[in-house]
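Novice: My request is simple: use the sequences and hints to build the entire structure.
If you read the sequences in order, they're chains A and S. Under this note's numbering, the residue at position 41 of the first sequence is numbered 41, and the numbers go up by one with no gaps. Under this note's numbering, the residue at position 265 of the second sequence is numbered 1265, and the numbers go up by one with no gaps.
Each hint should be verified, as a subset may be incorrect.
Claimed, not checked - Quick list of in silico lysine to any residue cross-link-like pairs, SDA-like style, CA-CA up to 25 Å:
| # | chain 1 | residue 1 | chain 2 | residue 2 |
| --- | --- | --- | --- | --- |
| 1 | A | Lys16 | S | Asp1363 |
| 2 | A | Lys16 | S | Arg1140 |
| 3 | A | Lys36 | A | Tyr59 |
Unchecked claim - Selected chain S positions facing chain A (Cβ under 7 Å, derived; list incomplete):
| # | residue |
| --- | --- |
| 4 | Arg1047 |
| 5 | Asp1137 |
| 6 | Leu1228 |
| 7 | Glu1269 |
| 8 | Asp1277 |
| 9 | Asp1325 |
Calculated directly from the structure, the hints in this document are not laboratory data. The model shown is predicted, which means the values in this text are computed figures rather than measured ones. Backbone N, C-alpha and C define an ideal beta-carbon position, used for all residues, glycine too.
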Amino acid sequence: MKIPLYKLAHARAGDKGDTSMISVVAYRRADFPLLKEQLTTDQVARHFAPLSLSNVERYELPSLGALNFVLEGALAGGVTRSLARDAHGKTLSSCLLAFELDVPQPSDATRQDRDEGDVEQ
Amino acid sequence: MLNPHPERDFVRIGAGAGFSGDRIDPALELVVAGDIDYLVFECLAERTIALAQRARQLDPKRGYDPLLDARIRAVLPHCVERGVRIITNMGAANPEAAAARIVDLAREAGLNGLVVAAVTGDDVLSTVLSTDPVLIDRNRRVSDLGVENVISANAYIGAGPIVEALQQGAHIVVTGRVADPALFLAPLIFEFEWNMTDWTLLGRGTLVGHLLECAGQLTGGYFADPGLKDVPGLARLGFPFADVTADGHALFSKVKGSGGRIDPRTFKEQLLYEVSDPARYVTPDVCADFSNVGFQYFGGDKLRVVGAGGHAAPESYKVSIGYLDGFIGEGQISYCGHNAIRRGRLALDIVRQRLQTSACRFDELRYELIGVDAPYRTEPVDETQEVVEVRARAVARAATLADAEQIGIEIEGLYTNGPAGGGGVTRSASQVLAIESTLVPRSVVSPTISIAIS
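Specialist: So, in structure tokens, the structure goes:
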């Protein structure tokens, strides 16, 4: 079955020039392998097909349960020249959280299992 | 002003602003109730300094942050009373004028004997124009922007000159373009006498700066998602401070009773904010490594951050170039209720046809329905869906102001000539101040410190 990414992860978008950086952080560490498997650079590029990205890079931070995406060419020329209303692409994080994941059974990390007590070092 | 906390084995640095227009009350709260040693105001976005350069061209006494008076007036007496030093990049395009203004404000408040340092030397406009370096993102040179269009070029300099200013006894250090984390790293280097080539310590201090530089974004701002990620008390969001020890590790918190939230989730989002490769976060001071950072969470809005590293600083400085890049004109109009999407589309079609047959020339045009497809980012829209409201928007880039203004004029014309029930037109047209980046060798930048006393 399909569930939206926002059930398992949260995200934040930032920008530099014509590049958007979007972090995706699993609420539960246990979901990280699933995110890693399905949120590939190809899939993310496909999700944002209308943006005609020039390149997508992904950095993995397993100790944080996080992926960091670098979307080049995402900002219609960049913050200072873009015709987009949201020239920074701040809203792109929410667009990415609509990504659909394939899961064997319903899963919702937003209501439980906070992992804030983790000591990660 | 003496060290307010000689008994502490840490330095407490507070984040007083995360951008030029940021709230002032959380900074005041940090000073009055946060028991901090340093207050840092980070107020300089990529484009801010180019705007400031234009202000300076019109009046040589201007070109610093427009909110400098308000921020300094609000906090200065309390900072002096408590021995809190201030570091800020509010100098923008004119740090010396900003320092002179701060001296005036101090005297007005009856605060004499304050040492105010201005750091200059980040302005590399003449070098960039004469050496014509290649731009970072595109296969072009500075001269391809049109020499007459280039109005500013500022190098991101490091912590060094701020450290020197503190060594000279500055109570307030005001800079122009400095790498944001360097504003926070500098007091750590000064207080703990860190070696400027101890890359691990500089990497750790840079992480502290990176986490603090957006102020409220670390304490629950830019984070809340009701029902998913709730944040208490956002209307009185507290800004963060960090207690940094000589080993560069830091315990983060905020003033008790302030709004917001500190926990691993807010920190993970900010750790990766505007970062590309977490193992290579490049500043003029160090190539920091955030890839092994870990958090120790104690509850009660207290969180310890450990594990950053670093490698040698780069050989060159990054430079932001501000240049005039034509004009952007825009117009918007709203449609509501049944068939709103189709009426919005009809409105945009009308504008498109009229602009096609006009004498105006546009380099780039964009038509969108805000509330439906404005981002054009994922799936195409179902046109038959019922929505409460859409806002039709047309926007274009043009070489002249007159052509750019025509966009808003055509949208406004829809009031009486367009689809049924169109209302709430807004229109604008303005000159574009764009930014490109390049690199210059370190040798061409020589920061200077000038001291003034109130």
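Novice: Take the hints in turn and mark each one as holding or not.
Specialist: Consistency of the hints with the structure:
no.: 1; hint: A:Lys16 - S:Asp1363; result: holds, 23 Å
no.: 2; hint: A:Lys16 - S:Arg1140; result: holds, 18 Å
no.: 3; hint: A:Lys36 - A:Tyr59; result: holds, 10 Å
no.: 4; hint: Arg1047; result: holds, 5 Å
no.: 5; hint: Asp1137; result: holds, 5 Å
no.: 6; hint: Leu1228; result: holds, 5 Å
no.: 7; hint: Glu1269; result: holds, 4 Å
no.: 8; hint: Asp1277; result: holds, 6 Å
no.: 9; hint: Asp1325; result: holds, 6 Å
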